[in-house]
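Build the full structure now, drawing on both the sequences and the hints.
There are 2 protein chains.
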Amino acid sequence: MSFNISKTKINDRFWDNYIDKVRTKMIPYQWDVLNDHLDIIIEKERNDDYIPSEKSHAIDNFKIAAGLKEGNHYGWVFQDSDVYKWLEAVAYSLQKKEDDQLRDLADSVIDLLEMAQEKDGYLNTYFSVEEPERRFKMLAESHELYCAGHYIEAAVAYYEATNNEKALSIACKLADCIDENFGNEEGKIKGYDGHEEIELALTKLYECTKNDKYLQLSRFFLYERGQDTSFFQRQRMEDNGKRDVIKGMAHRPLSYYQAHKPILEQDKAEGHAVRLVYLCTGMAEVARLTKDKEMLGACKKLWKNIVTKRMYITGGIGSTVDGEAFTADYDLPNDTMYCETCASIGLIFFAQAMLKNEPNSEYADVLERALYNSVISGMALDGKHFFYVNPLEVVPAYSEKDPGKSHVKVTRPAWFGCACCPPNLARLINSLDKYIYTQQEDTIYVHLFIENETKLQVKDESVILKQHTDYPWSGSIHFSVEADTKCSFGLGIRIPFWSSQYDVKLNGAPIEKPLIRNGYLILEKEWFGKEEISLQLDMSIKEWSANPLVRDNLGKIVVQRGPFIYCVEEEDNGSNLHLLSVSRNAPFTYSFVEEVCEGIGVIKTKGKKKCIQNKWNDSLYALYTNDQYEEKEITFIPYFAWANRSRGEMLVWIHKES
Amino acid sequence: MSFNISKTKINDRFWDNYIDKVRTKMIPYQWDVLNDHLDIIIEKERNDDYIPSEKSHAIDNFKIAAGLKEGNHYGWVFQDSDVYKWLEAVAYSLQKKEDDQLRDLADSVIDLLEMAQEKDGYLNTYFSVEEPERRFKMLAESHELYCAGHYIEAAVAYYEATNNEKALSIACKLADCIDENFGNEEGKIKGYDGHEEIELALTKLYECTKNDKYLQLSRFFLYERGQDTSFFQRQRMEDNGKRDVIKGMAHRPLSYYQAHKPILEQDKAEGHAVRLVYLCTGMAEVARLTKDKEMLGACKKLWKNIVTKRMYITGGIGSTVDGEAFTADYDLPNDTMYCETCASIGLIFFAQAMLKNEPNSEYADVLERALYNSVISGMALDGKHFFYVNPLEVVPAYSEKDPGKSHVKVTRPAWFGCACCPPNLARLINSLDKYIYTQQEDTIYVHLFIENETKLQVKDESVILKQHTDYPWSGSIHFSVEADTKCSFGLGIRIPFWSSQYDVKLNGAPIEKPLIRNGYLILEKEWFGKEEISLQLDMSIKEWSANPLVRDNLGKIVVQRGPFIYCVEEEDNGSNLHLLSVSRNAPFTYSFVEEVCEGIGVIKTKGKKKCIQNKWNDSLYALYTNDQYEEKEITFIPYFAWANRSRGEMLVWIHKES
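From first to last, the protein sequence lines are chains R and H.
Per our numbering, the first sequence starts with residue 166, numbered consecutively.
Per our numbering, the second sequence starts with residue 166, numbered consecutively.
Relax, there's no trap hidden among the hints.
Identical copies carry no separate label here, and so any pair may be met within one copy or between two of them.
Each computed EDC-like pair below joins lysine to aspartate or glutamate, with the alpha-carbon atoms no more than 16 Å apart: (1) K465 x D783; (2) K331 x E283; (3) K456 x E372; (4) K466 x D783; (5) K412 x D213; (6) K651 x E697; (7) K433 x D783; (8) K172 x E616; (9) K821 x E796; (10) K469 x D783; (11) K466 x E523; (12) K433 x E565; (13) K775 x D717.
What the hints contain is simulated information worked out from the structure, not anything from laboratory work.
Okay, structure coming up:
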């Protein structure tokens with residue numbers, strides 16, 4: 166049966182606000198930053214002398230590479246990728262809404278890239294301008310294929326949005342150049358990039374062009390990874406004497422790059438978190454496209470390790486700043502963690518790629534968890550300030566005075582020396598329509614509850630699927646299926662993990678004993694005319710606790726409503742948030758408050774605050790006596806909205822009266 | 166009245182074990198290490214490529230500087246100080262027990278240093294061998310005066326122990342060289358060393374030689390500090406283009422060096438912890454010797470900040486590995502802290518210097534706290550393995566896998582790339598007789614309870630003061646005063662902060678309403694014949710809690726008996742120590758166990774262990790439900806003895822049933 170999703174148009178109160186912000190604020194703002202047109206403070210993402218933070222210079226790097234300007238490359242060796250991710254966000258934006266001026270601007274960027282591209286297809290401003298002789302010779306650090314991957318992703322998106330063939334042709338030339346340089350054949354480099362990205366990008370180029378060469382190249386990079394564990398070291402030896410491409414990377418263990426063993430043997434999420442989830446996304450896509458069950462099995466092992474041992478409740482990943490990396494099972498400190506915005510975005514890519522392999526609500530649950538929490542906390546409501554790191558506990562004095570917490574920013578900076586996160590957010594938010602549904606055989610699966618209208622192609626018939634909802638604030642979701650002629654297909658609706666209770670009606674009648682498959686409520690029937698499904702999820706407030714092996718969360722709970730993890734802020738609760746505890750059987754009350762943070766759901770409950778008794782006057786230690794408490798109302802706001810009102814403490818895991 | 170302490174001879178079960186170990190094991194072992202005679206693994210104190218850890222080379226550096234050997238300097242720029250501290254430990258050892266062979270060896274080291282010393286008195290193997298042109302030109306990083314200070318301390322001790330005048334003359338030449346190069350006078354450097362040490366050393370040289378020049382030079386360094394905040398930066402600029410003396414130091418803030426403001430204005434303990442307490446020791450000594458009340462006031466402010474806001478219950482200081490530094494008030498994480506052995510040793514120096522200014526048991530309480538806990542935990546019972554960092558909570562998997570915990574060693578290494586701590590321990594332990602008493606006007610104050618015999622000079626009479634005790638395991642301390650002729654003086658006996666209850670008898674009769682002054686029980690009387698005072702301290706087991714502003718210790722307690730802080734180890738209690746909690750009213754039982762760790766007091770109590778319920782099978786988060794516990798006996802051992810039996814978890818702050 167021919168069955169596919171042809172077009173999804175979001176029309177959602179919650180998300181349109183974000184999508185509009187990306188179009189009207191973030192894209193113009195980021196363009197100005199990439200051109201150094203703004204007088205903003207670019208912050209180092211952590212206390213590290215080697216972080217270049219004077220300017221972006223990203224567009225100037227291309228102008229210099231294109232011969233339009235004199236000068237030197239400035240910024241990280243992967244600075245090009247900031248432009249590519251911006252371009253990809255523009256592509257999605259144009260797909261949603263025509264904008265000739267923006268399109269002209271993006272076309273001019275494509276023209277600039279064409280000029281910067283070398284004759285053989287190579288495209289990288291750092292190596293073209295500064296060190297052409299080191300091309301592909303320091304792959305552990307060089308990010309050449311990482312940048313290439315980001316261009317390919319942008320080009321595919323831009324071509325699909327605007328039909329600009331030049332963009333796609335630059336991408337193919339670049340991919341061809343890589344294909345000529347890498348592979349098993351004699352004379353080619355049997356190696357891979359230190360930062361995965363090309364693998365997932367090549368699957369997109371393959372799906373766009375149908376040229377199998379790109380899929381095979383992606384497969385080569387994946388299977389070659391970790392085979393020859395001396396590859397990076399050998400390249401470093403041969404490069405001997407030249408300066409580091411990135412300071413301090415030489416001492417990273419191979420697991421930092423997921424290059425310590427072949428991918429099929431990797432069963433723990435190790436190393437740099439963004440790299441790992443980008444790798445996994447590539448693996449899951451190649452597994453699907455080549456029907457490679459072994460590779461899919463490896464994806465599942467890594468997925469399981471992440472979500473059952475190494476993921477924050479916000480969907481954040483990466484427990485340490487040192488290498489922006491995973492550490493060990495159950496090691497999830499709340500105040501020194503990394504939880505990079507890009508890593509949660511990568512986790513969404515991985516989840517979606519798994520959903521495309523097989524619908525299982527566990528993937529979509531994590532996708533939703535990351536999206537509504539750790540990802541959108543990455544941007545301020547003004548669309549012009551961003552978190553790189555998304556902490557679960559912040560004390561401003563410690564962020565200021567403890568150099569080990571220099572990465573834990575208290576408010577969102579205007580930009581970063583390493584600016585990977587802001588444009589990554591822009592491209593994800595503006596492509597969110599691609600994450601709502603997947604299709605498997607003759608069933609369409611609903612993963613996200615976002616108001617939208619989607620056109621399905623069922624054989625030769627067009628069917629309209631609509632969601633009407635005030636989710637995430639409300640748990641009522643109304644679906645309608647409009648089919649002019651009778652047609653059969655399945656509709657699978659995710660029942661979120663936090664809503665074991667729910668009501669569902671088909672055309673007004675309760676569905677008795679609904680069929681649940683892999684976490685989805687399945688309606689397999691013949692549709693005709695306008696049919697309506699209404700789903701009521703359990704939006705009651707939940708208290709979650711963490712596995713007791715997570716040392717930092719013992720005796721603490723997290724408050725959740727719908728997909729949102731909540732937090733407490735100093736703004737509402739005063740300082741010393743760690744002294745608060747939620748009372749044993751206290752009721753929670755919920756109200757939507759229009760005037761706070763552009764409108765958010767606020768939760769209140771009864772709690773206690775530990776008193777600082779007189780015995781503590783000027784003393785650090787005292788004989789143990791019973792604690793004293795005062796009653797205190799505790800106010801929670803959704804985690805994503807923190808740090809939008811004032812500079813202060815924040816806490817996600819809060820003590821629970823025992 | 167002429168009154169002073171002329172000689173103290175320790176004869177103590179607990180401490181003689183340590184003192185003998187230093188003489189028979191540590192000193193020979195450390196000599197072998199300094200000469201690279203041993204096949205041991207020298208560990209980096211933390212994950213940092215720039216730490217030189219192939220060998221010590223410390224003696225060879227001197228041989229090269231002396232022209233006896235060809236080659237280059239190896240090791241840290243302050244590698245010389247390892248030899249000096251070893252020499253100082255030897256001096257104290259010889260003072261206790263003649264050893265011709267050891268004395269010949271030490272004499273030969275003095276001869277070697279004489280050859281390495283330059284004509285003008287300058288002595289530093291790194292700069293003499295490698296970069297003579299940079300002498301005194303990079304003081305922020307160079308440690309030249311730091312090393313000089315350590316030599317001066319060693320020389321004074323060695324001269325006092327052996328009368329070796331060459332040792333003292335090298336020190337005077339070195340100090341004269343410094344005096345000629347530094348000062349307010351035209352043409353001299355108006356600056357100071359990045360690492361304090363010369364200041365306290367010069368007061369020792371002054372007290373030994375009575376040459377006021379050395380005291381004034383110390384005073385100059387102290388008062389100049391932080392006056393011209395551009396001094397280090399200016400030196401760096403003038404040094405422009407040359408390689409770093411120590412990698413990565415250029416970005417440290419001035420507060421790292423306590424050079425951000427004049428010392429009288431510093432009221433918070435900032436920066437590198439060892440530097441701060443060495444500075445404070447120098448300040449307290451100069452304050453005493455020059456009767457400088459303002460400087461003493463500054464010492465008190467810094468003392469108060471440390472002990473009421475920034476000190477671990479073990480007497481450890483330094484909350485972060487990054488800069489081995491203080492962070493912020495109440496920021497005392499247990500698992501990422503630094504608590505360098507040297508910093509606690511420096512805190513003891515500071516406490517003692519304050520006691521010499523004014524007896525106040527608060528200083529001695531901290532001195533004792535650090536000595537019996539954070540300091541002696543720095544060495545293994547075998548005398549050949551050492552901790553640099555003394556954590557309060559260790560999980561081996563996290564030390565291995567979290568690069569942010571690379572400094573938190575699970576067992577004591579044989580040696581370190583930066584080997585400051587092992588010889589610092591040796592010199593402190595072997596000079597412990599100097600820390601038991603101080604004298605103020607006509608009163609002798611007892612700060613430490615260590616069995617010893619001390620000769621007092623009262624006018625022309627000799628009086629013998631003895632302590633007889635099995636402290637720290639027992640709280641009974643018997644003092645005897647033996648005076649052949651009648652003489653009046655005061656005896657002040659510290660009542661430790663943990664013993665608000667105590668009994669005291671004079672010649673068998675209870676003292677009614679004893680006079681307590683500044684925490685000391687004061688006996689002011691005419692002594693004649695053999696008089697006996699017996700003190701019984703409260704050795705019951707105490708539970709301490711931390712100020713609630715210390716976030717990491719909320720709901721937790723620490724067990725203490727006598728001066729010892731106790732901990733729990735995996736060896737006795739199984740893994741997941743964080744799941745244990747001490748029951749509300751459970752009794753503690755104490756027994757001395759000869760066969761464990763060379764004999765230690767072991768404490769047991771009833772507790773509970775949180776169960777890992779079935780709902781946690783393969784899940785990180787679950788809906789909150791009441792916790793389940795199993796009963797569990799909990800076994801505590803003194804903190805100093807941890808990691809002597811097996812590799813495993815350790816915890817000081819343990820949950821208390823609420």
